[in-house]
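Undergrad: Keeping the supplied structure of chain W fixed, place chain P upon it in accordance with the hints.
2 protein chains.
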Amino acid sequence: MLGLWLENQKLELRQSLVEPLPKTGEALIRVCLAGICSTDLELLKGYYPYSGIPGHEFVGEVVNAPSETGWQGKRVVGEINIACGQCEMCRGGLDRHCEHRRTLGIHDWNGAFASFLVLPLANLHEVPGGISDQAAVFTEPLAAACEILQQVAISQEKTVLVIGAGRLGHLVAQVLQTTGCRLEVVARYPHQRRILTSRHIHTLSKASLGSKKYDIVIEATGSPSGLLLARQSIKPRGTIILKSTYKGEIQFNFSRLVVDEISLIGSRCGSFEPALELLARAQVDPVCLIEETYSLDQGLEAFSHAGRSGALKVLIQPG
Amino acid sequence: MLGLWLENQKLELRQSLVEPLPKTGEALIRVCLAGICSTDLELLKGYYPYSGIPGHEFVGEVVNAPSETGWQGKRVVGEINIACGQCEMCRGGLDRHCEHRRTLGIHDWNGAFASFLVLPLANLHEVPGGISDQAAVFTEPLAAACEILQQVAISQEKTVLVIGAGRLGHLVAQVLQTTGCRLEVVARYPHQRRILTSRHIHTLSKASLGSKKYDIVIEATGSPSGLLLARQSIKPRGTIILKSTYKGEIQFNFSRLVVDEISLIGSRCGSFEPALELLARAQVDPVCLIEETYSLDQGLEAFSHAGRSGALKVLIQPG
Chain W
2 MLGLWLENQK LELRQSLVEP LPKTGEALIR VCLAGICSTD LELLKGYYPY
52 SGIPGHEFVG EVVNAPSETG WQGKRVVGEI NIACGQCEMC RGGLDRHCEH
102 RRTLGIHDWN GAFASFLVLP LANLHEVPGG ISDQAAVFTE PLAAACEILQ
152 QVAISQEKTV LVIGAGRLGH LVAQVLQTTG CRLEVVARYP HQRRILTSRH
202 IHTLSKASLG SKKYDIVIEA TGSPSGLLLA RQSIKPRGTI ILKSTYKGEI
252 QFNFSRLVVD EISLIGSRCG SFEPALELLA RAQVDPVCLI EETYSLDQGL
302 EAFSHAGRSG ALKVLIQPG
Chain P
2 MLGLWLENQK LELRQSLVEP LPKTGEALIR VCLAGICSTD LELLKGYYPY
52 SGIPGHEFVG EVVNAPSETG WQGKRVVGEI NIACGQCEMC RGGLDRHCEH
102 RRTLGIHDWN GAFASFLVLP LANLHEVPGG ISDQAAVFTE PLAAACEILQ
152 QVAISQEKTV LVIGAGRLGH LVAQVLQTTG CRLEVVARYP HQRRILTSRH
202 IHTLSKASLG SKKYDIVIEA TGSPSGLLLA RQSIKPRGTI ILKSTYKGEI
252 QFNFSRLVVD EISLIGSRCG SFEPALELLA RAQVDPVCLI EETYSLDQGL
302 EAFSHAGRSG ALKVLIQPG
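Line by line, the protein sequences give chains W and P.
All residue numbers for the first sequence refer to the numbering used here, where the first residue is 2 and numbers rise by one.
All residue numbers for the second sequence refer to the numbering used here, where the first residue is 2 and numbers rise by one.
For the record, the hints were derived by calculation from the structure and aren't laboratory data.
Don't take each hint at face value.
Because identical chains share one entry, a pair is satisfied inside a single copy or across any pair of copies.
[To be verified] Capping the alpha-carbon separation at 30 Å, the derived lysine-lysine pairs in DSS-like fashion look like this:
no.: 1; residue 1: K214; residue 2: K248
no.: 2; residue 1: K159; residue 2: K46
no.: 3; residue 1: K207; residue 2: K248
In this text the structure is predicted, and so the values were computed from the model without any measurement.
Excised from the complex, chain W in its bound form (with noise of 0.2 Å):
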């Protein structure tokens, strides 16, 4: 089948990699449309030491799964985490943190930039008809940004302040902007804060953000100015979540989170019910992020372009 495998932080369009065979318990789905994300970027970059077919963020079609399942033709999207459903983490229900975990299209678990691939039927959610392909894509990456609300309690009388109005950040703004809370992005370029703006959405720019203090920061860019910024921009006894993880080690003062008894949670992957539930319900719209769609064999050019400084959600069809 075609598809994309990165090996020793190459990418490269393989026209004959071997088609996945799904185990008991599995089911093999025909990609529809997969989206890059800042991960994939990094993998490249040797973020992680993967070797395999990327790409984490689908939504397909089942094509291949045992009749008596049910699962057969249906149109579903999948968590990425397989866990081993047996260490202390899976134990007390944190598969998503199972200490053996594989990864889809991340750690050793062929991933969604090819023609198919393989899941357990334990990770599947079947799309509701009324969420476009183009939207259900979303639906891992909005998870992640849904998983925030399950972390700290945001309600109507709280200042909040997104850091980043990237692919995750500006989910995390549509996400936060559900709670009515008062809220605002830093956005760096004119672009994201259209988007927002659009969205009615208050955006503002680093510069103009002077000494403002906000109950709740959400740091989304991944860079140690952001950290910077979100502890500058914190109240005493406010809730920093870190969405982005970051290159290397950061030279941080962590006597301020002492002294103002600040809390700083790390936040990764969400469950998909809150996120498709948003979607169905059409209470956040990602497809606004869309700037372009390759198909598979130009998906190195969409690399490419998911590399520029400030791009939205590239996305990759292999149909």
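TA: For chain P alone, kept in the frame of chain W given last:
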């Protein structure tokens, strides 16, 4: 009056300091007993540019307060933050985080290493009769330890690691022991381990920690290596409480926090009520931490003792 005076990181014994005069709403307090804390030692090292009488852990007797207030003659301890009562933090009930606060013996308010001190009546708590001066002088650091229970739910099934068994770490351990959680304490010195063991608290050395992971880790060393150990010892989705400040900036890998969805919570002062309650019920016994009590005119020797590696509590008795 007699007292210790700190200026330009130099501590002196002064014979004729001006006795403080209480303003409206304040009380004059004769200091019965005062404790030396790590923050006092750090003020000497220039951690914060304070000039004045240090000391913020004390028990004393009200010798001058308006008679209608009922405070005259009472044995008291006092909260250390003097709040403005008007800023956003004060209005929100977070007067310990007042934007304009002064702090007893730390910032712009003379402290307890003297014959007398002054505090607002609002800061005072009467010490119940059953609590000795030797126990009551620990109310402030004990309140700081109790603050942890306000910030994170610690139930019996939780595994909890306290890193550091010095003055504060030991009190944290005693407070956590009251929850019935599965508690272990990393203690560096044999005498620290001995005291904890005598209270049936399980101790271990850093070397024997291995790769065991805990639900909750309390960092009470104030050293970068303690912070690193906390990160290495925490389970995914766990909570690290930072109970000490750190000198300067620290190199830290924030990506692990994100991937493992760790919470890092700064923790400083606490309210005095729960601490006084624990003392009144004899659920904790801080007196075992007292290494020596010096008279005020031996105050410099007391500081020298408190500054020794592994030293526990050193008291100063002005009377």
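Undergrad: So which of the earlier hints does this model not fit?
TA: 2
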